[in-house]
Each structure stands twice: as C-alpha cells, then as structure tokens.
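K.L.:
Chain by chain, the residues run as shown.
There are 2 protein chains.
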Amino acid sequence: MDQSDLKAAPAWQLSERAIKLTSSAIREILKVTERPEVISFAGGLPAPASFPAEEMRAAADRILRDDPAAALQYSATEGYMPLREWLAARHSVGGVKVRPSQVLITTGSQQALDLLGKVLISTDSPVLVETPTYLGALQSFSLYEPKYVQVPTDEKGLVPEGLTPELTAGARLLYAIPNFQNPTGRRLPLERRQALAEFAKRAPFPVIEDDPYGALLYAGEPLPTVHSLAPEHVVHLGSFSKILAPGLRLGYIIAPEDLHFKLVQAKQATDLHTPTFTQRIVYEVVKNGFLDTHIPKVRALYRDQCEAMLDSLKRNMPEGVSWNRPEGGMFIWVTLPSNIDSMKLLAEAVAQNVAFVPGAPFFADEPQHNKLRLSFVTVPPAKIEEGVAKLAALIRAHASHA
Amino acid sequence: MDQSDLKAAPAWQLSERAIKLTSSAIREILKVTERPEVISFAGGLPAPASFPAEEMRAAADRILRDDPAAALQYSATEGYMPLREWLAARHSVGGVKVRPSQVLITTGSQQALDLLGKVLISTDSPVLVETPTYLGALQSFSLYEPKYVQVPTDEKGLVPEGLTPELTAGARLLYAIPNFQNPTGRRLPLERRQALAEFAKRAPFPVIEDDPYGALLYAGEPLPTVHSLAPEHVVHLGSFSKILAPGLRLGYIIAPEDLHFKLVQAKQATDLHTPTFTQRIVYEVVKNGFLDTHIPKVRALYRDQCEAMLDSLKRNMPEGVSWNRPEGGMFIWVTLPSNIDSMKLLAEAVAQNVAFVPGAPFFADEPQHNKLRLSFVTVPPAKIEEGVAKLAALIRAHASHA
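If you read the sequences in order, they're chains S and Y. Residue 95 in the UniProt record's numbering sits at position 95 of the first sequence, and the numbers go up by one each step. Residue 157 in the UniProt record's numbering sits at position 157 of the second sequence, and the numbers go up by one each step.
Keep in mind that the hints were calculated from the coordinates and are not lab data. Hints may contain errors.
[Unchecked claim] Far from chain Y, some chain S residues (derived; all Cβ distances over 10 Å):
| # | residue |
| --- | --- |
| 1 | Pro68 |
| 2 | Ala71 |
| 3 | Pro380 |
[Claimed, not checked] Subject to a maximum C-alpha distance of 30 Å in a straight line, what follows is the list of computed DSBU-like cross-link-like pairs (lysine-lysine):
| # | chain 1 | residue 1 | chain 2 | residue 2 |
| --- | --- | --- | --- | --- |
| 4 | Y | Lys287 | S | Lys31 |
| 5 | S | Lys287 | S | Lys297 |
| 6 | Y | Lys314 | Y | Lys156 |
| 7 | Y | Lys297 | Y | Lys156 |
| 8 | Y | Lys20 | S | Lys201 |
| 9 | S | Lys147 | S | Lys201 |
| 10 | S | Lys97 | Y | Lys31 |
| 11 | S | Lys390 | S | Lys371 |
| 12 | Y | Lys390 | Y | Lys371 |
| 13 | Y | Lys287 | S | Lys20 |
| 14 | Y | Lys156 | Y | Lys371 |
| 15 | Y | Lys97 | Y | Lys314 |
| 16 | S | Lys371 | S | Lys20 |
| 17 | Y | Lys314 | S | Lys147 |
| 18 | Y | Lys287 | Y | Lys314 |
| 19 | S | Lys20 | Y | Lys20 |
| 20 | Y | Lys287 | S | Lys287 |
| 21 | S | Lys344 | S | Lys31 |
| 22 | S | Lys147 | Y | Lys371 |
| 23 | Y | Lys344 | Y | Lys31 |
| 24 | S | Lys20 | Y | Lys201 |
| 25 | Y | Lys156 | S | Lys31 |
[Unchecked claim] Have a look at the derived ranges for each label pair, beta carbon to beta carbon:
| # | chain 1 | residue 1 | chain 2 | residue 2 | range |
| --- | --- | --- | --- | --- | --- |
| 26 | S | Asp304 | Y | Thr123 | 47 to 53 Å |
| 27 | S | Ala169 | Y | Lys147 | 50 to 56 Å |
| 28 | S | Asp304 | Y | Arg65 | 25 to 31 Å |
| 29 | Y | Glu16 | S | Glu155 | 48 to 54 Å |
| 30 | Y | Pro165 | S | Glu145 | 29 to 35 Å |
| 31 | Y | Lys147 | S | Glu155 | 46 to 52 Å |
| 32 | S | Met81 | Y | Glu16 | 41 to 47 Å |
| 33 | Y | Pro82 | S | Ala70 | 25 to 31 Å |
| 34 | Y | Pro222 | S | Asp304 | 45 to 51 Å |
| 35 | Y | Pro381 | S | Gly94 | 18 to 24 Å |
| 36 | Y | Ala58 | S | Ala70 | 15 to 21 Å |
| 37 | Y | Lys31 | S | Gly95 | 52 to 58 Å |
| 38 | Y | Arg65 | S | Glu198 | 29 to 35 Å |
All C-beta atoms in this analysis are idealised placements derived from N, C-alpha and C, irrespective of residue type, glycine included.
All chains should be built: construct the whole structure from the sequences, respecting the hints.
P.N.:
If you want it as structure tokens, here you go:
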C-alpha cells in the first residue's frame, strides 16, 4: 500500500460527547515537562521516593509463587474481597460501620468518577461542583453531558450556606474534595463538614466526597470525613495513588448498597474488573499495618517540600501575589495581580524551563485567569527556589508593564 | 448509629442508562459455579495451566528491582511506548504497516468496547452487531443507548451480502468477531473477510474487529484479519487475556490516528491510563519471542480439550441436538430441539451441578431460546464427559416429554 492510502482515514461520525471532548491542559503541559531540564511544578505526580518498591517487589514475588492461578485469572467485578474487607474496616471509625458490601475497587480514582457519571448523570442533569474543582472530575463527568452548577467557595473551601434550594434544584450529585483540595490545597473546616453532612442527609442526591489526599496531613489530627458524619448519604472515594503508588491504578468507592449495585453493573460493562494482580499486591503490602509507618514518612517528605516552597514564595514573590499555606496534600494555589493571565505566564515560564498549571481549566464556568496551581512534591528544594525565583521575575516584569 | 439509620439509603435519581442496566447472565451463573462441585462449561475463563506465572514472576521482580520509580508512577494515557511499538510491529503483516501512533493500550479488551461506545455512539445511534454476538459488547455499548441492528449470519458467521444499504443506513459502527466468535465459535471464511473489508472501505463508519481468540487456532494457517485487508477502515481490538493471563487486564485498540486521538481523550477521562506495572510486565515477558513457544502450548491444550468435548457430545447427545466443530478458540455452540428453552435447562443443570451459558443473552434482539454455549477450556476430560452426559440426560428427558 502507498502513503496516500495510509492517510485516507475517513471522517467517521462521532458521538455528541466525543465532539465536545478536549484534552486536559495539564496533560499537554506534562508533555513539555518530560524534558529533564524543566523544573515542573505542574504535575500531580507523587514523589517516587515515597513508593515502597521493595515491599511491592516482595509481595509480587510471594503472590506469583504461592497463588498464580488466582492472581492472574479473571476475578469479581466488585474487587478482591480481602482488600474490600480491609478498606471497610479502615473506614469504620467514629462509630460508623462500613460494610465490605459497600466497597467497590476501581481502576484508579478516576474510574470512580467515570462510573458515578455513568450511573448518575443524564444529558443536561445539573451537577454541583466547587469553584474551582478538580479538572479530571470535570473531564469525567463531561462525558455524560451535565449542566455544571458552581457552588460558592471562599478561602476555607465550599460555603455550605451557598447550597440554596435555588442553586441545588434538580441536581444529580454534589462533588467536593474536603481534604487539601485539588487545585486550591484547602481543607474544609469541621463546622462546614458538619453542615455539608446535614445538607447531604436532606438532599435527594448524593454528596460525593473525593479524598485522595486525606492521609497527607502534615501535622495534628485529621478532621472527620463528611462520609463519617452522614455515612448513608455520602459517597466516599479513596485512592492508593498518593499513599502507595499511582502506577498501580487502584482506587475505591464506598457507597450505599443500592448505588453500589448499579456501580458494579456499570463497572462490569466498563472493564470487567480491576486487575487482580495489582489488587493482591496492594493487599499484601498493607494488610499487616505497613501504612502506619509508611504514611508518616510520606507526610514528612511532603511537609518539608511544602515548607521549602512556601519559603521560596515568601523570599521571591512581589507584592500583589498571594497564596495559601496548606495543612496537607500536594498543592499551593497562587493568586496573581488581576492583570496577569496565568495561561500567558505559562508560555513565558515554559520558555524558561519552568512549568505550572494555570487555574482556568479548574473552573466549570467563568474561569478566574489570575490563578495558578503549584505542586512541590517532586522537585528538590534547590530547584524549587530556582523555579520560584524565575516565576517571580516573570510576574514582576508583568507588574511593571501594568 | 442504629440499624434503621444504616438502612436509610435514599433512592437517588439515576441516569437513564443506569436504569436500563442489568447484570450479565454469565456473571450471575458464575457466582453459582464458584462451588467446587460444579462442572462449569459456563466460563470464558482461560485455563490457569496456560498462565506463564514463572515468566511473569521473573519479569515483575526485574522491573521493581531496576526501574521502580517509572513502573509505579503515573504514565502516558496511550500506554507504554515499547509495548505499543511491539504491538505495531506484530500487526504489521502482509504488506500492512501499523504505526505505534495507532495503538492504544486498554484496561482489558472490555474497556476498548466502552471507549468505542463513548466516542462513536449517541443515543439511538444504529449499531450493527452479529446474530448472536458477544454479550459483553452488548453491555458496553448499551451504556450509550444505541439502537441495535442485527446483521444476518449463518453457520459460517456474518453474511456480507446482508449488509444492505437499508440495513446499514445511519450506523455508527459494525461490531464483529471474525475469529472463533463468542458465543458461536465460528471462524469467518476468507472470502467473507474480503467482502467485509470491501464493505468497510465504502462504509461511512468503522468496522470493529474484535479478535481476542485469533491466536487460539488449533491447526493450519491463520486467515488474514479484516484489519489487514482494509487497515485504515477497520478498528482492530486485541487482548493478552487469552494468550497470557486475563487477571492483568491488558488489551489494545489499533485505529486510524483521528479516531485514536479521540479514544485517548476518552480514556484519559475514564481511568487516566492502564496500570504502568502490568504493561511493563507483559512487555518484559513478550519482548524476546516468548509467545512463539507459548501460544502453541495453549493451542494444543485447548485443541485437546475441544476434542474431548466433541467426543463426549457425539457419544452422549440424543438426536435433534447439533453443534459446530470449532477450528480454534474456547467455545462450542449447541442447538437444542426447538421445544427446549436453554434457560430452563440451565436451572435443571445447575441443580445437578453442571453449568453452561444459555444462548438468549447473546442476541441483541429476538433471542433464539434453544441455543447454548459450552466452554471446554478449564474442565478436565473426565469431568467433561460427566457433565455432558448429565446435560444429555436432561435434554433426553425434555425430548421424551415433547
């Protein structure tokens, strides 16, 4: 065949949802940041130093030695039962009893969002999201063509008083990230969690609590999850990506059995089940309390990295630039002077081998253009200083032109 | 909290597609067949004896020793590039050159179906399927609410002459399994492949060639894939489930770049990427020609199992029962006397600890009730004889009551 034939792919009719699909801005930027000379504050990638590679290696070896027929075979859509039981026990806190029959293992937390979209969202269904919210959730839900409704937030996160009957009428779900939110790094205070739980109890739709970062608290005591305050009215999403390793793609959904059952049906049609082998590896690694010693190490690493970035920001940033001081997680949210568009700043920064994620794609509607998200977890402190100094110089140049 | 609160899960409004969702009949049966005393001809599970556990164990160990940071980290949505390159080379046969840029790694072949549904099917889009067809494809596509149109088939498989302009008008895709079809075990003859390829070249929609069983040819030469006959007009789906192990959930889509790009966007929103670690394990296992010696062993095993079942059927089945002689794959398709409903027969068989899959769920429309699918790959020959004899006795009892 000749080249002209090779290129003769016909323009097939795509679905409505596919026509609307766009690539993630983060993803396009990550391509640039694969160059080793780039100082990337863009990624939501956990630090590889935190991956328990030797423990996983030993677990993989044991599993394939002792039980290869089961570990490599098809398995139940709901997930590996010992892991579901372990998760149910782990989330049974403060008088709440989570049942293994509520736990569905997913191919990463992202799949949890896809399954919830499949099961809850019809075309033009109102879907409530924070302002801003996780870009990946917007991408997942958008495949089911909802109508987004932004819930008001302030510097502490979602404002429960904003959940008026007018705003929430007809909604199919409310999506929130109470712990160290992506992109803002904010932690929702206790009284707002309580108010959100009370709202969930009255709402005719579920509150989805996405909690991939909850374990990454730098100091002090964790706040109760919204799920623990209204366990039959909140759907809780968890992940092993930030506390073990993201490359295994292991997350989970805790939901009331009625919804769980529909999610299982949807998952069966979506990928049959999450890989058996990776589920068994994670169970082998965590079953004897490994996380009790491992998570504090990840916390300390991220806390020190965060501290380094906060110091760099303080030393370098000009007046008119502000940011939050995260209590955990992976992100700092920066507000620029209102005349600076972070998308334009990104182009200049990348030319100087520094990357971050502009804030605009995190807004379901009416984006704020003077925001940006910085991640500090994979960059050594000396490079953090260098990268922040370069960003600060670019911002200063803009400010002087204003 | 008390028990009444535990059970107070509200009835949340579900999406239209979720309301229509039903569980797979296969899945419900598989639950029964987990009892060790059941002789199950129901599963599409490959024989664990065929899993190369030691090779995978060595590969997992090497990867986690030499490159854990990459193997456990987030990775590209498209998949692990060396594996994509290997697949492109493997499918570059007969003058066809497949480009790595066409290959998308999926979380099992089932996810390929979900992604194609996402990208190609709008509500009420006509979707062409064989009569009967793979139940799992019907489940996947149904989430996108198509209108199924059954393509005529005969004992050789899909009849290309049946693809009239009237039947195919407005279709978004044609889904076919040319090699050892699930559930019928049929292999599409060469001239029909050529006719289907010619149809694909003219059609304003893609022909989807699902090929999980192609390598499981018992004897002789493989027939060319439809994809190889019209590479820019056919989307080819492959899987490692039947030639290595299904528990890893690794499949792939070969598609023209335009469609590939949309599928990547959809996959990003669906699960970000397929687990990095499992992709690397499979690449490590296959990269040096392992399949050249491994696949012949799987073929020989399945051929002998198939032969044992064919012998048992011949010895035991009464007049009026017919079946095909597969040239490969995992399934035999049995036609009962027209007065016997295979769903009712299943209930009786399960009571005697024998299981199979009734034919009806494999039909998109107007099911035939006197068909059933037998899988022979995981049952030892003595048990095959015992199970077939029991089935035959049940059928004989029905026939005598007719």
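K.L.:
Run every hint past the structure and note whether it holds.
P.N.:
Cross-check of the supplied hints:
{"no.": "1", "hint": "Pro68", "verdict": "violated, 3 Å"}
{"no.": "2", "hint": "Ala71", "verdict": "violated, 6 Å"}
{"no.": "3", "hint": "Pro380", "verdict": "holds, 14 Å"}
{"no.": "4", "hint": "Y/Lys287 - S/Lys31", "verdict": "holds, 26 Å"}
{"no.": "5", "hint": "S/Lys287 - S/Lys297", "verdict": "holds, 18 Å"}
{"no.": "6", "hint": "Y/Lys314 - Y/Lys156", "verdict": "holds, 21 Å"}
{"no.": "7", "hint": "Y/Lys297 - Y/Lys156", "verdict": "holds, 27 Å"}
{"no.": "8", "hint": "Y/Lys20 - S/Lys201", "verdict": "holds, 27 Å"}
{"no.": "9", "hint": "S/Lys147 - S/Lys201", "verdict": "holds, 23 Å"}
{"no.": "10", "hint": "S/Lys97 - Y/Lys31", "verdict": "holds, 26 Å"}
{"no.": "11", "hint": "S/Lys390 - S/Lys371", "verdict": "holds, 17 Å"}
{"no.": "12", "hint": "Y/Lys390 - Y/Lys371", "verdict": "holds, 17 Å"}
{"no.": "13", "hint": "Y/Lys287 - S/Lys20", "verdict": "violated, 38 Å"}
{"no.": "14", "hint": "Y/Lys156 - Y/Lys371", "verdict": "holds, 16 Å"}
{"no.": "15", "hint": "Y/Lys97 - Y/Lys314", "verdict": "violated, 45 Å"}
{"no.": "16", "hint": "S/Lys371 - S/Lys20", "verdict": "holds, 25 Å"}
{"no.": "17", "hint": "Y/Lys314 - S/Lys147", "verdict": "violated, 60 Å"}
{"no.": "18", "hint": "Y/Lys287 - Y/Lys314", "verdict": "violated, 42 Å"}
{"no.": "19", "hint": "S/Lys20 - Y/Lys20", "verdict": "holds, 25 Å"}
{"no.": "20", "hint": "Y/Lys287 - S/Lys287", "verdict": "violated, 34 Å"}
{"no.": "21", "hint": "S/Lys344 - S/Lys31", "verdict": "holds, 18 Å"}
{"no.": "22", "hint": "S/Lys147 - Y/Lys371", "verdict": "violated, 45 Å"}
{"no.": "23", "hint": "Y/Lys344 - Y/Lys31", "verdict": "holds, 18 Å"}
{"no.": "24", "hint": "S/Lys20 - Y/Lys201", "verdict": "holds, 27 Å"}
{"no.": "25", "hint": "Y/Lys156 - S/Lys31", "verdict": "violated, 48 Å"}
{"no.": "26", "hint": "S/Asp304 - Y/Thr123: 47 to 53 Å", "verdict": "holds, 52 Å"}
{"no.": "27", "hint": "S/Ala169 - Y/Lys147: 50 to 56 Å", "verdict": "violated, 32 Å"}
{"no.": "28", "hint": "S/Asp304 - Y/Arg65: 25 to 31 Å", "verdict": "holds, 28 Å"}
{"no.": "29", "hint": "Y/Glu16 - S/Glu155: 48 to 54 Å", "verdict": "violated, 39 Å"}
{"no.": "30", "hint": "Y/Pro165 - S/Glu145: 29 to 35 Å", "verdict": "holds, 31 Å"}
{"no.": "31", "hint": "Y/Lys147 - S/Glu155: 46 to 52 Å", "verdict": "holds, 50 Å"}
{"no.": "32", "hint": "S/Met81 - Y/Glu16: 41 to 47 Å", "verdict": "violated, 32 Å"}
{"no.": "33", "hint": "Y/Pro82 - S/Ala70: 25 to 31 Å", "verdict": "holds, 28 Å"}
{"no.": "34", "hint": "Y/Pro222 - S/Asp304: 45 to 51 Å", "verdict": "violated, 58 Å"}
{"no.": "35", "hint": "Y/Pro381 - S/Gly94: 18 to 24 Å", "verdict": "violated, 56 Å"}
{"no.": "36", "hint": "Y/Ala58 - S/Ala70: 15 to 21 Å", "verdict": "holds, 19 Å"}
{"no.": "37", "hint": "Y/Lys31 - S/Gly95: 52 to 58 Å", "verdict": "violated, 33 Å"}
{"no.": "38", "hint": "Y/Arg65 - S/Glu198: 29 to 35 Å", "verdict": "violated, 52 Å"}
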